[in-house]
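Q: Residue-level listing of the chains:
Protein chains: 2
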Amino acid sequence: MRIALVGYGNVGRAFARLLDAKRSVFPFLISGIQKRNSSAINLAGLHVDTPINGPRLDVGDFLDQCQAEVMIEITTLEPATGEPAISHIRAAFQRGIHVITANKGPLAHAYAALCQEAMLRQCQFRFESTCMDGAPVFNMVRNCLPGVDISGFTGVLNSTSKVVIAAMRDGKSMEDGIREAQRMGIAEADASYDIDGWDSAAKTATLANVLLNANRTPLDVDRKGIGRLTPEKLEDLKSQGKTVALVSRAHRTPSGELKMRVRAEVLPETDILASLQGTSNLLLLHTDLMGTVGTVAITPGVEQTAYGLFSDLVDITKSL
Amino acid sequence: MRIALVGYGNVGRAFARLLDAKRSVFPFLISGIQKRNSSAINLAGLHVDTPINGPRLDVGDFLDQCQAEVMIEITTLEPATGEPAISHIRAAFQRGIHVITANKGPLAHAYAALCQEAMLRQCQFRFESTCMDGAPVFNMVRNCLPGVDISGFTGVLNSTSKVVIAAMRDGKSMEDGIREAQRMGIAEADASYDIDGWDSAAKTATLANVLLNANRTPLDVDRKGIGRLTPEKLEDLKSQGKTVALVSRAHRTPSGELKMRVRAEVLPETDILASLQGTSNLLLLHTDLMGTVGTVAITPGVEQTAYGLFSDLVDITKSL
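If you're matching them up, the sequences are chains A and B in order. Read in order, the letters of the first sequence correspond to residues 185 to 504 in my numbering. Read in order, the letters of the second sequence correspond to residues 185 to 504 in my numbering.
So here's chain A without its partners, still in its complex pose (with noise of 0.2 Å):
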């Protein structure tokens, strides 16, 4: 099965370090790489360490010239808008190609829009790394959970926050809890994204129009995040027993509305929502025939992001 990678940073990377560590077992090729500035294409198989040096193509002619059957959409996310991964996308189910995403955009702006695309064109639409790195949400629920309703879920889902968090209460600053993040890797140059609740919100959106049919965007997200917060307030909560989390949470009320925000909630240091560290994320699904089941990943990276993008390629090859 023929691939092509649109974006190609740690996580493409990972993802084409996997494919070639893998492919006794599983035959994909990666026929197509296309960064920002340039491509590469090779019917015969592109490895991790190709050279990427041709010139950046318009979405489609890459598609078409690296004859892809799956495209993995994986650029940079611009949360305000969800492009271009949105064109990216388009573009490949008018090709009738498959897509998976890593990148939250497309689907917190536009999934009902793209389902139906992909619908119309036959084609398999995956983004099992969009929320908790690759951990099995979206798959566990369409493949582990039949005949289940969701009526909500709980989630903590952003790791700066985790990390911000843990420093404030160490007595450090904001600022040391944010260089620490963005040391760890975790955290942008510009972390108000994080530190406002944008990501989560993105995420909640996301979670909400997969698993609650929801067709909203982050905007509708009802949004505090952690800027209020100081370390005298969680000092101050910790002699309590107590601390913080960033938590996402929405659900449908009896009679059908859909409730969606995100907010630094206070909670006993005993709760399991406030057990996870760093990049530690966990997410409840709250059902009507399982009761309350989740996913965790405990300290997830980039390498299971691209596991992610793996499982949703296995289970697309799975279902045609």
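The hints are simulated quantities; they were obtained by calculation from the structure and are not laboratory data. Check before you lean on any hint, since a few could be wrong.
Put simply, identical chains are the same to the list, so a pair is met inside one copy or across any two.
To be verified - Derived lysine to any residue pairs resembling SDA-like cross-links, with alpha carbons at most 20 Å apart:
1) Lys422 - Ala296
2) Lys206 - Asp472
3) Lys206 - Ser335
4) Lys206 - Val332
With chain A held as given, fit chain B onto it using these hints.
A: Then chain B, alone, in the frame of chain A:
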């Protein structure tokens, strides 16, 4: 699809109710129910309220008469041997009947042999409800973690110990805690199976047999229960921000040696392993490609165990 229930207690009744509720979408039909001293057979379908007042039959005759395509084995666990469930499962496989069980005895005592018999007869063998009350574990590994090698696991899987430890942390006696667990319907009249770690050891052997190809029994698990804990010890730990959980662990060493143990482990109160209360449970899998990833279930009950049987049933129909 015709289903035979062998064993019909709380889980069996919850399962029959679930099938009645979901029949319009999932057309499964219970054609036979066998209890300890009676049976009922009706090829047009039995419901949750059907009187079960026919004679008890030999299990092979019972399966023949109800023309079962799937047997659901939910007799009471006989932990030391796994019988009579193992014999029931063999009788089904001999007739080419698929098997689902919520009974960890057969997996803890005869998993490899039963798998071989299932393969010979081209039967499916499923057991999602054995270790985590129906939450996706085995089906998650099968369906959502392709290509992954599992090197070990860590689980907090026993309910009674959680209730007893919580009681003793509040200064109550072990006996008080056991009575509380009995009132909640979690602990048996003889709670030593839980307190001495046998339930955890059986789950450890089951998970190791399936996930680590162990071919061992609960007797091979290095096991210490919570029997020597005292309220004083737990109150002392509490003052240090620590607590105890009965933890199941197994891993393969790099040389391939299998280690399995059950221990009352001292943990920080803030550890995710210490965060589960009552029947809530957590299993973390240690893997090569997906790092440490797991499933958590919050206060599951008999309805969730029944759902695990249902999810196995749907998974079997998909694999046929």
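Q: Hint by hint, work out which the structure violates, then give me just those numbers in ascending order.
A: Number 1 only.
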